[in-house]
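Quick note on numbering: the first sequence equals residues 11 to 599 in our numbering.
What the hints contain is simulated information worked out from the structure, not anything from laboratory work. Wrong hints could be hidden among the right ones.
Claimed, not checked - List time: in silico SDA-like cross-link candidates among lysine to any residue, alpha-carbon distance up to 25 Å:
id: 1; residue 1: 496; residue 2: 547
id: 2; residue 1: 319; residue 2: 365
id: 3; residue 1: 279; residue 2: 377
id: 4; residue 1: 63; residue 2: 74
id: 5; residue 1: 140; residue 2: 210
id: 6; residue 1: 504; residue 2: 556
id: 7; residue 1: 122; residue 2: 586
id: 8; residue 1: 223; residue 2: 188
id: 9; residue 1: 166; residue 2: 385
id: 10; residue 1: 279; residue 2: 261
id: 11; residue 1: 117; residue 2: 551
id: 12; residue 1: 422; residue 2: 476
id: 13; residue 1: 279; residue 2: 290
Unchecked claim - Per label pair, the in silico range of CB-to-CB distance:
id: 14; residue 1: 210; residue 2: 403; range: 24 to 34 Å
id: 15; residue 1: 408; residue 2: 117; range: 44 to 54 Å
id: 16; residue 1: 395; residue 2: 305; range: 31 to 41 Å
id: 17; residue 1: 431; residue 2: 77; range: 51 to 61 Å
id: 18; residue 1: 408; residue 2: 559; range: 50 to 60 Å
id: 19; residue 1: 395; residue 2: 566; range: 49 to 59 Å
id: 20; residue 1: 81; residue 2: 276; range: 42 to 52 Å
id: 21; residue 1: 560; residue 2: 431; range: 19 to 29 Å
id: 22; residue 1: 535; residue 2: 229; range: 38 to 48 Å
id: 23; residue 1: 395; residue 2: 314; range: 25 to 35 Å
id: 24; residue 1: 34; residue 2: 125; range: 21 to 31 Å
id: 25; residue 1: 125; residue 2: 442; range: 37 to 47 Å
id: 26; residue 1: 557; residue 2: 56; range: 37 to 47 Å
id: 27; residue 1: 557; residue 2: 365; range: 46 to 56 Å
Small disclaimer: the values here were computed from a predicted structure and weren't measured. Think of the CB as a built atom: it goes at the ideal place given N, C-alpha and C, for glycine as much as any other residue.
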Amino acid sequence: MDSLAAKLTTLTEQAFSALGLPVEHARVAVSGQAESAQFQCNGAMPSAKAAKKNPRQIAEEVIAKLQELDSEGVFALLSVGGPGFINITVADGFIGSHLTDLAGDQKEGVPKLAKGETVIIDYGGPNVAKAMHVGHLRSSIIGDALRRMMLATGYKAIGDVHLGDWGTPMGQIISEYELRHPEWPYFTGGDFSSFDPQITMVQLEEIYPFASKACKDDPERAEKARKATAELQNGHPGYRALWTTFVEVSIAGMKNNFDALGVHFDLWKGEGSVHHLISLMVERLKDQGFAREDDGALVIDVALEGDKKEIPPLILYKRDGAVMYGTTDLATLVDRMNENHPSKIIYVVDQRQSLHFEQVFRAARKGGIVPESVELTHAGFGTMNGPDGKPFKTRAGGVMKLEDLIGMGVEKARERLREAKLAEDMPPKEKEDVAHKVAIAAIKFADLQNNRVADYVFDLDRMTAFEGKTGPYLLYQAVRINSLLKKAAEQGMKPGTEFSLQDEERPLALLLSEMPDQIAQALKNYSPHIVCDYAYRVAQEFSSFYGNCHILSETDEVLRNSRLALCALTARHLRTLLALLGIEVPERM
RNA sequence: GAUCCCGUAGCUCAAUGGAUAGAGCAACUGCCUUCUAAGCAGUAGGUUGCAGGUUCGAGUCCUGCCGGGAUCGCCA
11 MDSLAAKLTT LTEQAFSALG LPVEHARVAV SGQAESAQFQ CNGAMPSAKA AKKNPRQIAE
71 EVIAKLQELD SEGVFALLSV GGPGFINITV ADGFIGSHLT DLAGDQKEGV PKLAKGETVI
131 IDYGGPNVAK AMHVGHLRSS IIGDALRRMM LATGYKAIGD VHLGDWGTPM GQIISEYELR
191 HPEWPYFTGG DFSSFDPQIT MVQLEEIYPF ASKACKDDPE RAEKARKATA ELQNGHPGYR
251 ALWTTFVEVS IAGMKNNFDA LGVHFDLWKG EGSVHHLISL MVERLKDQGF AREDDGALVI
311 DVALEGDKKE IPPLILYKRD GAVMYGTTDL ATLVDRMNEN HPSKIIYVVD QRQSLHFEQV
371 FRAARKGGIV PESVELTHAG FGTMNGPDGK PFKTRAGGVM KLEDLIGMGV EKARERLREA
431 KLAEDMPPKE KEDVAHKVAI AAIKFADLQN NRVADYVFDL DRMTAFEGKT GPYLLYQAVR
491 INSLLKKAAE QGMKPGTEFS LQDEERPLAL LLSEMPDQIA QALKNYSPHI VCDYAYRVAQ
551 EFSSFYGNCH ILSETDEVLR NSRLALCALT ARHLRTLLAL LGIEVPERM
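With these hints in hand, go ahead and build the complete structure from the sequences.
This is the structure we're talking about:
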C-alpha cells in the first residue's frame, strides 16, 4: 500500500512526462510548511536550466497539466510558492478514501519491500563468561528492531546472536580452571563424561576478569592462556568438554536477559560453531594464491589500489596457530552462504570495528566467499558515553549490568503506578506485567530514538523516564485509545468505514498516510530512530486531536463514527510501529 | 602522523540539497465536575564550531582551519 505522497507522485510523473520534463524530479513530498500546503513538489527548480525556462513558469505549466489530468477531483488547491515550489493541497475526500483503504489493508500500512529474500542480521554478540552489561543494549535492541522491520516488510529475516566463544578469553578461562583444579578429569586425561564441574555464572563472572588481569600482568600466565586457546581450537577433548559446559551456563544467563528485553534470535551460533569450516577455507585461499605467510602468521592481503588509508592484512592464523575473530567471521560467511543463501548480511556492531569489517568484507569478496551481488553491511553504532563524555561507567567505576538496568526500570515503573494510583484494581500479576512492559518500552525507546551512527550519552534518569518523548508516553496514548474504543463498544457505538474530515482530524489523517514512506526510509538507512520519531509524532498528533474534541459525546453520528474509525486506525498504526521496534503495548495501564 | 566519525537551544537529540532549523528535558503561563493530566494549549530560548567554495537554494555537498572521539597486524 502506497503513501499519499507516493500516490500523488504518480500523478506528477504523468504531468512531468507529458511536458517533457525529467520524471525523476517529479517526486512529491510532505510539505515543509504545513501552513501553506500539505504536499510539495520541488521538481520545477532543477528542471529549469535544461528547459531554459523560469522555474515558476514551469511550475505553472505543471499545475495546469495536473488540473487537466485530474479527473477524479484529487486536488483541492495547487499553487506556486517561492522560487518555484509546487504546493499541493488535496481534497478531503481523497484523504478519506485513502484512510478507508488503509483501514482495510492487511499489512497495516507496512510497505512490501521484498519478496522473501533472506537477510541475516548479526547482533547481540554477547561474550561467553561475561555478564551482559549496558554496552550490549544498543546492538541487541537495534538489531532486533531491524530484524522485525525486515520480517514485516517481506524479507525472510534471520537473527543470529553470534556469540563470542572462541577467542583468547576462552583460553584464559580454561587455563585458570586448570590452575585452580588441576585434578579435574578434563586436565588429567581421565573420563569426564559424567563429571560435573558445577560451574555457575557467578563463578564465571569472577574467574574471567581475574584470569584476564593475570594474563595482562604476567607474560608467562598469558602464554599459558594462549596455549590453551590454541589447544581448544585444535580439539583438545577435555578443554572442549569444559568449554561446552561454561558456554551452556553462559547462554542460559544470556537468555534471561534477552527474554526480559524481548530480543529474539533465530540462530544461537557462535564463533566456535564454524571452526570445522576454517581449514578448508584457508586451504582454498592458499590455493588461490591469496593467503601468505608473514612473520609466522598466515595472512591475506586486502589492501587495494587507491586506498586512502593503509588497510592491514587480515590475519587467518596467528603465530601460535590459533585463529582470531577475523578468521571466524570469514568462516561464518562461508557457513551463511552455504546454509542460508542470503541476499544481505547486516552486522549491528560497534562503529569502532569498521576497519575489521572492511578487512573481512574485502577478504570475503577476494576469496569468492561472498559474491558482489550479496550485500554486506556494517550497520555500526556509536559509543554509549557517560555524562562526562567518556565511555559509560557506573559511579563505582564498573559497568552496569543489563539486569540491573532492567530491574531499576521496573522498580521505577512500579513506584510510578503507585504514585499515580493507576492499576490499583489490577491483579498483582497483571500489575507486574504492566510495570515490566513500561520499563522495557522506556529503555528500548530511549536507546532506539538516537541516530544509530552517532555516539550518545547514557543517562539513567532519561532511560527510565516516563514523560515526554518516551516509550511509556507512546504506550499511554495507545492504551488510552483502546480504552476509548472499549467504552464506545460498551455503549453500542461502532467505528465507521467512511472518514469525514474536518480541521481537527486532518493533520492526524495526513500523518497516518505517511506510514509506508517512514518505514521504508528507516529500513533504507537501517535506522530505527526514524520509526521512533514517526511513532512519537503520531502519538502526539493523536493526543492533540483527543484533547481538541470529545468523541463519545459527539451527537453527529456520522462524525462520531468517523472519529472512532480514526482512533481505531491510529491505535493499529501505533501498535504496529511499536511492534516494529520490539515494544509491546499492554491491554491497560 | 594517517584515516574515519562527530560539533545544531542551558542539557539530550531530530531535520531524503528545499521555503520561517524542529522535538523532549529543565524554566515560565494556563487547563482535570465529559472519553486515563504518564496528558493538552502557550511563552521564552539559535551567527547550526570558524572561514571560504559549489548550487536557483547549504545544518546537509567540497576545501581549509579549530575542538572532541575512534581506529591504525597477532584482543574482541
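Checked hints:
no. : hint                  : result
1   : 496 / 547             : holds, 24 Å
2   : 319 / 365             : holds, 10 Å
3   : 279 / 377             : holds, 23 Å
4   : 63 / 74               : holds, 16 Å
5   : 140 / 210             : holds, 11 Å
6   : 504 / 556             : holds, 18 Å
7   : 122 / 586             : holds, 14 Å
8   : 223 / 188             : holds, 16 Å
9   : 166 / 385             : holds, 15 Å
10  : 279 / 261             : holds, 11 Å
11  : 117 / 551             : holds, 22 Å
12  : 422 / 476             : holds, 9 Å
13  : 279 / 290             : holds, 20 Å
14  : 210 / 403: 24 to 34 Å : holds, 26 Å
15  : 408 / 117: 44 to 54 Å : holds, 46 Å
16  : 395 / 305: 31 to 41 Å : holds, 37 Å
17  : 431 / 77: 51 to 61 Å  : holds, 58 Å
18  : 408 / 559: 50 to 60 Å : holds, 52 Å
19  : 395 / 566: 49 to 59 Å : holds, 54 Å
20  : 81 / 276: 42 to 52 Å  : holds, 49 Å
21  : 560 / 431: 19 to 29 Å : holds, 24 Å
22  : 535 / 229: 38 to 48 Å : holds, 46 Å
23  : 395 / 314: 25 to 35 Å : holds, 33 Å
24  : 34 / 125: 21 to 31 Å  : holds, 25 Å
25  : 125 / 442: 37 to 47 Å : holds, 42 Å
26  : 557 / 56: 37 to 47 Å  : holds, 41 Å
27  : 557 / 365: 46 to 56 Å : holds, 51 Å
In summary, this structure violates none of the numbered hints.
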